[in-house]
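**Student:** Given chain Y's structure and the hints, the job is docking chain R onto it.
Sequence order for the protein chains is Y and R. Taking our numbering, the leading residue of the first sequence gets 969, the next gets one more, and so forth. Taking our numbering, the leading residue of the second sequence gets 44, the next gets one more, and so forth.
Hints are not guaranteed to be accurate.
What the hints assert, rightly or not - Listed next, with one range per pair, are the computed distances between beta-carbon atoms: (1) Y:N1401 to R:S91: 32 to 40 Å; (2) Y:P1357 to R:L72: 49 to 57 Å; (3) Y:A1114 to R:G118: 45 to 53 Å; (4) Y:K1367 to R:L96: 34 to 42 Å.
Read the hints as simulated data drawn from the structure, not as lab findings. Beta carbons are placed, not taken as given, at the ideal position from N, Cα and C, and that holds for glycine.
Take a look at the letters that make up each chain.
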Amino acid sequence: MAGVVPRLLLVLLFSVITQFPLLARSSSLDLQITNAECRIDLTSQIVKVFLTLKVENTGTSPASELLLAFPPRQVDRLALVKAACTVGKKKKKTYVPLEVKPTELPDAPNDTKLFSILLLNPLKTSETATVEVLLILTHCLEPFPAEISQSESQLVYYHDSAIILSPHYIKQQTTYIKTPSTKVESYTRVEPTNHAGTQIIYGPYADRPPYSFSPIIVHSENNSPFAVVEELVREVEISHWGSLQITEHYKLAHAGAHHKGVFSRVEYQSRPSISGVSSFKHLLARLPPRVHSVYYRDEIGNISSSHLRGDSRKSELEIEPRYPLFGGWKATFVIGYGLPVEDFLFESPDGRRYLNFSFGCPVVETVVDDLTIKVVLPEGSQDPTAVAPFPVDQHLETKYSYLDVVGRTVVVLKKKNVVPEHSSPFQVYYKFNPIFMLAEPMMLTCVFFLLFMGCIAYLHVDLSLHK
Amino acid sequence: MAPEAKPIASPIPVAWYPTLSVFALAIGLVLTASFFIYEATTSRKSRSLTKELITGAVASVFLGFGSLFLLLASGVYV
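Bound conformation, chain Y alone (with noise of 0.2 Å):
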């Protein structure tokens, strides 16, 4: 009875110093960021922006979250936000990957969406750090004029700010803007600004408000190829008995400005450096190595202008569409190959199965709007779950297959706006008795079993009318 006493006295002292992190948690408006760096690049149909930005705390208590503003425009197309803090002096710098998540600020202006970075350690008072953030922007360079001729270059606009939107108070920033050729038709002027080559730089600019934008848009010359798939549908078939199959359906599109007048086959070969500049004609998928029985071929037939290259580490299928696409072209066709199925199915420690495979869109270079990954397991799995580094939506299907009696579940991945830096490995954890391998042969050996019973029985019966 005398020790409960002490023991509770000490229970509620440790309670109550444990609220104290809770109340000691400040705004992380008090982080600053003295130097900021932007450099945006628009050499592909990929926006690559990637911010380094060198934070310092001027407030009076730890702060650990560091925010990120977006106009609500820019948020749309937003495929990635990734941030990581550099840890470590010049040789040995290290990056450390910092969690980002979307975030709501209430005396946030105008419908500006905010994502916020948690940092590795709460910053104390007047302590620095340095994070870089890689942001990746899809459809955001629009083509102008709209509409282009055979022989003519694809120009395209890129709107932007010449002050970075942040809800932190800026003391000097400067952007810099690759573009993909020195031919620039014309750019917005926030001075100071000057072009050389390909850059255009914008800054430096010193103490700006938090919030502070200034609109820009510059107009460049970009014939890399606009190669988008609008739709694209990846089935994964996994049979225990040595394979996996997977089949894919493009829905491919040229994204860039639309082709008008007329398409001539004759100056398009004639003279290649003038005439569709802005078109492609060739893909690249990038395939897993060990693969077998590949096919490309569309609702016409097979296309045989395709070639496969592989080693051990790598197989590379170069396919080429039954026409050159030029603005506005679509082309369906579907992809299918197999590959063993020792390299992609594992068995974890807790003894469920694995499929570890990739996500993403094998060709290389190209933005998926839709993309849906679906999984078929073989009969007789139980508890089917999907593990992937990003968010994806899921649910379960049933497919009957070959040999199915009660149907295969089908684990279902979506995701909208996709692109090659989402080419990460996922999981699906599944688990399955060894023992159902059977139920295949077995269903083959009854079915010839009855055949011999039927005889059996008709050669026993007898069906003779009179004795």
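**Tutor:** Using the frame of chain Y, we list chain R on its own:
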């Protein structure tokens, strides 16, 4: 991915599928032939039901596995 992940492969090496299918189907068809020869050569009274059933069962097992390996060897991974 767990470092001790064990890859799962087919219980029977894939390279054996064509050979196994040929042998299993051959034995199964020989047994089917022997079943029908037995039916054709013996008279109704002297037939033994046990012998018929056993020959039929063993023949159907071999034919079942043989046709499974035939499907796998021809690329229909069931």
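**Student:** Determine for every hint whether it applies to the structure shown.
**Tutor:** How the hints compare with the structure:
1. Y:N1401 to R:S91: 32 to 40 Å: 39 Å, holds
2. Y:P1357 to R:L72: 49 to 57 Å: 53 Å Cβ-Cβ, so the 49 to 57 Å window holds.
3. Y:A1114 to R:G118: 45 to 53 Å: For A1114 (chain Y) and G118 (chain R) the Cβ distance comes to about 48 Å; the hint holds.
4. Y:K1367 to R:L96: 34 to 42 Å: 38 Å, holds
Checked against the numbered hints given earlier, the structure satisfies every one of them.
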